[in-house]
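Engineer: Could you put the whole structure together from the sequences, leaning on the hints where they help?
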Amino acid sequence: MNKVVAVLPSFDGTAAHVDVRWLLAGVLLHILSQAVRSRGWFNILRASYPHARELGGRHVMAASFAAAGLNGLLPARGGDVVKLAFVRRRIDGAHYPSLIATAVAETAFESLCGAALLVWLLVRGWVPMPSVAGALSAAGASMHPVVTSVLALAALVVLTAAARPLGRRLARAGSRWRRGLAIFSTPRRFLTRVASWQALARLIRLASLFCFLGAFALPATLGTAALVMAVQGGARVVPFAPVSAGMRIALLNCGIAGIAGHPVALSAIAAFMVGMSATTFSVMLPISAVLVGRELGTRSPRLALQRARVRLQSAAV
1 MNKVVAVLPS FDGTAAHVDV RWLLAGVLLH ILSQAVRSRG WFNILRASYP
51 HARELGGRHV MAASFAAAGL NGLLPARGGD VVKLAFVRRR IDGAHYPSLI
101 ATAVAETAFE SLCGAALLVW LLVRGWVPMP SVAGALSAAG ASMHPVVTSV
151 LALAALVVLT AAARPLGRRL ARAGSRWRRG LAIFSTPRRF LTRVASWQAL
201 ARLIRLASLF CFLGAFALPA TLGTAALVMA VQGGARVVPF APVSAGMRIA
251 LLNCGIAGIA GHPVALSAIA AFMVGMSATT FSVMLPISAV LVGRELGTRS
301 PRLALQRARV RLQSAAV
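Quick note: the sequence shown uses the numbering used here, first residue 1, plus one each step.
No wet-lab data here; the hints were simulated from the structure.
Fair warning: there could be bad hints in the mix.
Have a look at the derived ranges for each label pair, beta carbon to beta carbon [claimed, not checked]:
| no. | residue 1 | residue 2 | range |
| --- | --- | --- | --- |
| 1 | Ala260 | Arg188 | 36 to 42 Å |
| 2 | Ser185 | Phe281 | 24 to 30 Å |
| 3 | Ala103 | Gly293 | 22 to 28 Å |
| 4 | Leu200 | Val283 | 20 to 26 Å |
| 5 | Arg189 | Ser277 | 45 to 51 Å |
| 6 | Gly293 | Ser185 | 17 to 23 Å |
| 7 | Ser277 | Leu32 | 16 to 22 Å |
| 8 | Arg58 | Ser282 | 19 to 25 Å |
| 9 | Arg21 | Ala103 | 34 to 40 Å |
| 10 | Gly261 | Arg89 | 49 to 55 Å |
| 11 | Gly57 | Pro263 | 43 to 49 Å |
| 12 | Gly261 | Leu285 | 33 to 39 Å |
These numbers were taken from a predicted model, which means no experiment stands behind them.
Beta carbons are placed, not taken as given, at the ideal position from N, Cα and C, and that holds for glycine.
Structural biologist: Take a look at the structure:
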């Protein structure tokens, strides 16, 4: 069967060939992972507001999609403000401190996974830390990406064991913040209703990255997909993680060559990073625009901004 290929300009002046079918599969899996991940936040919100019967899973999913597209456009993850505003309308008596606390609970497992992936990068010697990376690389050169799952599980056990004392300490911070962290009062519920959905979303996201790698003719394996996930999400966890685009491309160049056993052109990796980001952004932003417009009752960006400003002012009063 012939491939459906799009030809895009590359960074070194050559043509980058993109398999459209793999690209489409990657986009669809990316959207699915966002939808699955939103279920975890829905369960966090229901634990905090058990009587909020008007809040449904579709409302939380719409809020998550609205934020996902706008976060690529607004600085400092400004889309998360829209996300909280979406769900606040569906919960009587909700306060922003409580909703912000639910967002903190939502990121707990994600942060553990991100930290585990960074540990894997350190062990393989792909994060530039001169005094540590060399020794770790020599000690763990044979480690498989599956080690990230083991590390995440171990960290999750620690989180579960510390959940009750952590909840008691946070109780002093105020009832509104405590309400947003109600899911931690029952560690088993957090594991089964939040972490399980987020773990499934991670697996789907891993499959999405696999498809994106295949679309840009890069080595598509479990290891390379985990490497991309680590490089993408590491900056949200610790300050020394790869932040700049150049650093991420350099890490991917080193890591993919190590996993695949042969060098890969920097231009191909750069085309992959830019192409994947541009594709997901161009898909998610229109979805966000439609959802925000429907929520505010207008298709006009100008009117949407005006109405959003009025709602934020009324919420602050």
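Engineer: Go through the numbered hints given earlier and state which of them the structure violates, listing their numbers in rising order.
Structural biologist: 2, 5, 6
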